[in-house]
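Engineer: If you're matching them up, the sequences are chains A and B in order.
With the first letter of the first sequence counted as 1, position 100 gets the number 100 in my numbering; the numbers rise by one all the way through.
With the first letter of the second sequence counted as 1, position 285 gets the number 285 in my numbering; the numbers rise by one all the way through.
By construction, these hints were calculated from the structure, which means they are not laboratory data.
Since this is a predicted model, take the numbers as computed values, not measurements.
Careful: at least some of the hints might be erroneous.
[Stated by the list, open to error] Restraint-style ranges between C-beta atoms, simulated for each label pair: (1) A/33 to B/21: 28 to 38 Å; (2) B/53 to A/139: 31 to 41 Å; (3) A/139 to B/242: 40 to 50 Å; (4) B/254 to A/192: 58 to 68 Å; (5) B/53 to A/106: 16 to 26 Å; (6) A/188 to B/254: 28 to 38 Å; (7) B/190 to A/68: 30 to 40 Å; (8) B/58 to A/106: 34 to 44 Å.
Yeah, the Cβ is synthetic: ideal placement off N, Cα and C, and Gly gets one too.
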Amino acid sequence: MADASSQTGKSLAGVDRRPGRLKEFWSYFSENRGAVFGLYVFAAFLIVAVFAPLLAPYDPSTQFRGHTLQPPVWQAGGEWAFPLGTDAVGRDMLSRLIHGARFSFFVGIVVVVVAASGGIVVGLLAGFAPKWLDTLIMRLMDIILAFPSLLLALVLVAVLGPTLLNAMIAIALVLQPHYVRLTRASVLAERSKDYVVASRVAGAGRARLMFITVLPNCLAPIIVQAALSFSTAILDAAALGFLGMGAQPPTPEWGTMLADAREFVLRAWWVVTFPGLAILITVLAINLMGDGLRDALDPKLKRS
Amino acid sequence: MLKFALSRLGTFVPTFLGVALISFAFIRVLPGDPIIVMAGERGLSEARYEELRQQYGFNDPLWVQFWDYLTGILRGDLGESFVTNRPVWDEFFSLFPATVELSLCAIIIAIALGIPAGVIAAVNRGKFFDRALMSTALIGYSMPIFWWALLLIIVFSGNLGWTPVSGRIGLLYYFDDVTGFMLIDSLLSGQDGAFGSAVSHLILPSIALSTIPLAVIARQTRSAMLEVLSEDYIRTARAKGLSPGRVNGVHALRNAMIPVITVIGLSVGTLLAGAILTETIFSWPGIGKWMVDSIFRRDYPVVQGGLLMIAVIVMIVNLFVDLMYGLINPKIRKR
Chain A
1 MADASSQTGK SLAGVDRRPG RLKEFWSYFS ENRGAVFGLY VFAAFLIVAV
51 FAPLLAPYDP STQFRGHTLQ PPVWQAGGEW AFPLGTDAVG RDMLSRLIHG
101 ARFSFFVGIV VVVVAASGGI VVGLLAGFAP KWLDTLIMRL MDIILAFPSL
151 LLALVLVAVL GPTLLNAMIA IALVLQPHYV RLTRASVLAE RSKDYVVASR
201 VAGAGRARLM FITVLPNCLA PIIVQAALSF STAILDAAAL GFLGMGAQPP
251 TPEWGTMLAD AREFVLRAWW VVTFPGLAIL ITVLAINLMG DGLRDALDPK
301 LKRS
Chain B
1 MLKFALSRLG TFVPTFLGVA LISFAFIRVL PGDPIIVMAG ERGLSEARYE
51 ELRQQYGFND PLWVQFWDYL TGILRGDLGE SFVTNRPVWD EFFSLFPATV
101 ELSLCAIIIA IALGIPAGVI AAVNRGKFFD RALMSTALIG YSMPIFWWAL
151 LLIIVFSGNL GWTPVSGRIG LLYYFDDVTG FMLIDSLLSG QDGAFGSAVS
201 HLILPSIALS TIPLAVIARQ TRSAMLEVLS EDYIRTARAK GLSPGRVNGV
251 HALRNAMIPV ITVIGLSVGT LLAGAILTET IFSWPGIGKW MVDSIFRRDY
301 PVVQGGLLMI AVIVMIVNLF VDLMYGLINP KIRKR
């Protein structure tokens with residue numbers, strides 16, 4: 001089945017002699033070297049996250065009591081058994097960082113999927129709804145946006161209880177208004193165009209107009225926003241973990257690891273430096289990719 | 001213009017009501033009965049419990065409670081802290097200057113470095129300076145600031161020993177609050193070294209807090225400048241033989257400032273959210289640390305009141321930015 005469809009795809013492309021959309025996208029995307037670099041780093045992190053148990057030398061919660069706060073291998077007192085050193089209770093930093101990648105990616109994907117799908121549906125509704133409902137929805141979004149997002153997420157987690165899952169729900173909720181606004185703005189721009197009118201005249205129902213006619217033409221800015229909020233989600237989840245309102249110790253989540261390491265700030269630089277560096281590199285790679293996506297997908301938004 | 005201002009004010013009121021409703025709802029859905037939390041370890045008798053419920057109005061219908069809450073806000077009554085028993089309103093305004101001082105320093109650093117960086121990048125588009133500055137800006141934009149703050153402490157307080165780790169001023173100095181701003185108060189006190197101590201306490205938190213707005217301002221300035229630089233009147237200015245400094249600095253920058261000002265206004269929310277992390281790390285006695293501490297102490301009236309006050313401040317600043325924007329740019333008014 002899969003074979004047959006890919007065969008048709010190939011022969012069609014051959015007849016058409018027109019570069020496929022993916023190829024076209026790639027040619028724009030790869031113009032931006034930073035974006036390609038970001039993509040590679042992102043792919044590497046994805047692999048680390050998926051194969052964490054195979055890659056990590058130890059279990060992330062095994063405590064080597066004889067090796068507490070051991071420095072990384074290139075410093076006096078370090079050894080190859082623990083290349084990035086150990087933390088205060090003798091857990092291997094490298095293994096914990098590798099397992100931490102799982103949590104960060106999990107957070108990013110869940111938050112983006114929840115926030116984007118919710119935001120798109122509400123945004124489409126607002127764009128097609130009568131004026132009063134539209135106003136009501138947008139006022140509601142204004143209210144959520146009036147709170148600084150991290151503060152609102154923090155208070156929401158305090159209400160729901162401090163777990164990683166609740167942190168993800170809270171972050172998805174505070175990120176969602178951005179999708180609503182973005183979707184609604186594109187819907188309003190598209191709605192009066194000829195192809196939509198034609199589709200309406202042809203008798204398309206409202207649901208078909210919303211999801212099949214209009215939505216695909218609104219996707220470009222939403223995809224860019226998804227990339228950017230992926231990194232925001234990772235940062236915010238780490239911040240909540242750091243404040244003790246996200247994943248709880250001994251979970252090897254990067255922000256939680258930093259919170260554990262705070263008291264050793266001036267004694268053991270490695271327990272503080274590496275988890276933060278992991279967050280920074282991941283977020284930076286995703287932001288680089290997001291910039292490239294914007295250039296490739298949405299020429300209007302292009303930062304010249 | 002008046003019509004524009006009125007329509008913006010018209011959206012302000014319902015948003016304010018919604019914000020009040022959300023902050024009101026929190027105390028009702030937070031885990032644990034607030035009265036039991038207030039009694040703490042000692043516990044309390046059945047009769048006293050009922051009396052307190054009555055006193056705090058938890059027995060009234062919800063809409064009556066909300067009405068009391070709303071009218072309370074307008075009278076400046078946000079309830080009292082469970083922990084200190086002081087009015088939340090007073091606590092807020094006694095801590096607010098610390099946050100304002102920190103945020104102002106941060107935004108000054110961000111503007112003073114961000115705008116020149118953006119202009120230099122735009123003028124040298126595609127060249128070394130542009131790439132170097134914009135890469136740095138993207139790193140700053142991606143920075144987990146709680147980690148960045150810890151790194152600053154490791155390097156400048158730990159390794160170099162230049163700055164203190166936490167607080168607003170050294171323990172050696174004591175003087176009365178006059179303005180609430182430590183920099184001004186320490187100068188007014190006339191004590192030797194007090195001002196220096198205040199500055200050294202302020203510098204690391206302001207750098208940490210300024211990082212993200214700095215990156216955002218630099219990126220926004222660059223893209224606004226690039227847009228303006230391709231306009232006809234810039235070509236005209238160049239053709240007139242004006243010096244590049246005058247063309248870029250006066251003709252272009254002035255017109256590129258509008259989106260930059262918007263970004264600066266919108267960064268107030270970012271600053272207040274960033275202050276939560278920065279103040280917690282540097283033990284800076286401001287609103288952010290107060291909120292985090294209160295969440296952990298389950299001091300519900302403070303969480304509720306603080307959440308409301310912060311949202312209202314963000315809303316007022318955004319309203320102000322919108323009105324300024326309408327004043328500067330007539331096109332916006334006709335929407």
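Engineer: Determine for every hint whether it applies to the structure shown.
Structural biologist: Hints, verified against the model:
| no. | hint | in the structure |
| --- | --- | --- |
| 1 | A/33 to B/21: 28 to 38 Å | violated, 49 Å |
| 2 | B/53 to A/139: 31 to 41 Å | holds, 33 Å |
| 3 | A/139 to B/242: 40 to 50 Å | holds, 48 Å |
| 4 | B/254 to A/192: 58 to 68 Å | violated, 36 Å |
| 5 | B/53 to A/106: 16 to 26 Å | violated, 42 Å |
| 6 | A/188 to B/254: 28 to 38 Å | holds, 32 Å |
| 7 | B/190 to A/68: 30 to 40 Å | violated, 50 Å |
| 8 | B/58 to A/106: 34 to 44 Å | holds, 39 Å |
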